[in-house]
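There are 2 protein chains.
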Amino acid sequence: MSEKSNVVFIGRKPTMNYVLAVITGFSTLNSEEVVLKARGRAISTAIDVAEITRRRFLSDVKVKDIKIGTDQIERVEDGGISNVSTIEVILSK
Amino acid sequence: MSEKSNVVFIGRKPTMNYVLAVITGFSTLNSEEVVLKARGRAISTAIDVAEITRRRFLSDVKVKDIKIGTDQIERVEDGGISNVSTIEVILSK
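As they're listed, the protein sequences go chains A and B.
Residue 40 in our numbering sits at position 40 of the first sequence; the count goes up by one each step and never skips.
Residue 57 in our numbering sits at position 57 of the second sequence; the count goes up by one each step and never skips.
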């Protein structure tokens with residue numbers, strides 16, 4: 001198992017897809033930690049994923065740490081720089 | 001100053017309105033802590049508010065803690081119960 005398999009990048013797919021990825025990380029891959037990473041509007045989804053996983057499926061999973069930050073991304077339209085907020089939610093058994 | 005003045009509830013207003021409220025909390029009201037509270041889609045805005053405040057205006061403000069949870073709310077349409085994720089971002093000087 002590579003370290004990468006512990007990171008779930010949250011995007012625009014249905015929330016339950018990511019919940020399933022987290023459950024797979026803990027159960028099938030037997031990880032001790034799974035990290036959710038999200039930017040911008042997907043940040044709300046990341047929190048939903050953490051809460052649904054903990055409350056509905058894996059009650060022994062805890063939120064170990066939450067880190068926030070800012071990424072600078074280049075806009076496609078005009079090549080300018082935009083700031084976008086980021087979050088990392090570290091879930092652990 | 002009451003304790004309540006330290007809490008900024010994040011909703012659907014422009015992000016900078018909330019940034020201004022946080023700056024007012026620290027500067028005018030001289031609070032040592034300001035707590036951002038948000039639910040659902042406003043969670044992303046809360047992270048934006050924390051990041052913009054820290055990076056652009058008050059560089060001595062730190063993210064002291066971030067707590068997530070779930071609120072149960074009654075739907076207006078059918079009276080059923082929906083779960084909504086919540087976040088508290090505790091900013092301190």
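Please note that a few of the clues may not be correct.
When chains are identical, the list treats them as one kind, so a pair holds in a single copy or across two.
Simulated pairs of lysine-lysine, DSBU-like, Cα-Cα distance not exceeding 30 Å [as the list claims (entries may be wrong)]:
hint	residue 1	residue 2
1	K62	K13
2	K62	K93
3	K13	K37
4	K64	K93
5	K93	K13
6	K67	K93
7	K67	K13
8	K93	K37
9	K37	K64
10	K37	K62
11	K37	K67
For the record, the hints were derived by calculation from the structure and aren't laboratory data.
Hints, verified against the model:
1. For the homomeric pair K62 and K13, the shortest alpha-carbon distance inside one copy (24 Å) is at most 30 Å, but the shortest distance between copies (32 Å) is not.
2. Both within a single protomer and between protomers do K62 and K93 lie at most 30 Å apart by alpha-carbon distance, with minima of 6 Å and 28 Å respectively.
3. For the identical chains of this complex, K13 and K37 are neighbours both inside a copy (14 Å) and across copies (26 Å), given an alpha-carbon limit of 30 Å.
4. Taking identical chains as interchangeable, the C-alpha atoms of K64 and K93 lie at most 30 Å apart whether they share a chain (9 Å) or sit on different chains (23 Å).
5. In this assembly of identical chains, K93 and K13 lie within 30 Å of each other by CA distance solely inside one copy; the values are 25 Å within and 38 Å between copies.
6. Taking CA atoms no more than 30 Å apart as the test, K67 paired with K93 passes in both settings, with 18 Å inside one copy and 18 Å between copies.
7. In this assembly of identical chains, the alpha carbons of K67 and K13 lie at most 30 Å apart whether taken from the same copy (22 Å) or from different copies (24 Å).
8. In this assembly of identical chains, the alpha carbons of K93 and K37 lie at most 30 Å apart whether taken from the same copy (18 Å) or from different copies (27 Å).
9. Proximity of K37 and K64 under a CA criterion of 30 Å is satisfied in both settings, with 14 Å inside one chain copy and 20 Å between copies.
10. For the homomeric pair K37 and K62, the shortest alpha-carbon distances inside one copy (16 Å) and between copies (21 Å) are both at most 30 Å.
11. Taking CA atoms no more than 30 Å apart as the test, K37 paired with K67 passes in both settings, with 10 Å inside one copy and 16 Å between copies.
Hint check: no violations occur; every hint is consistent with the structure.
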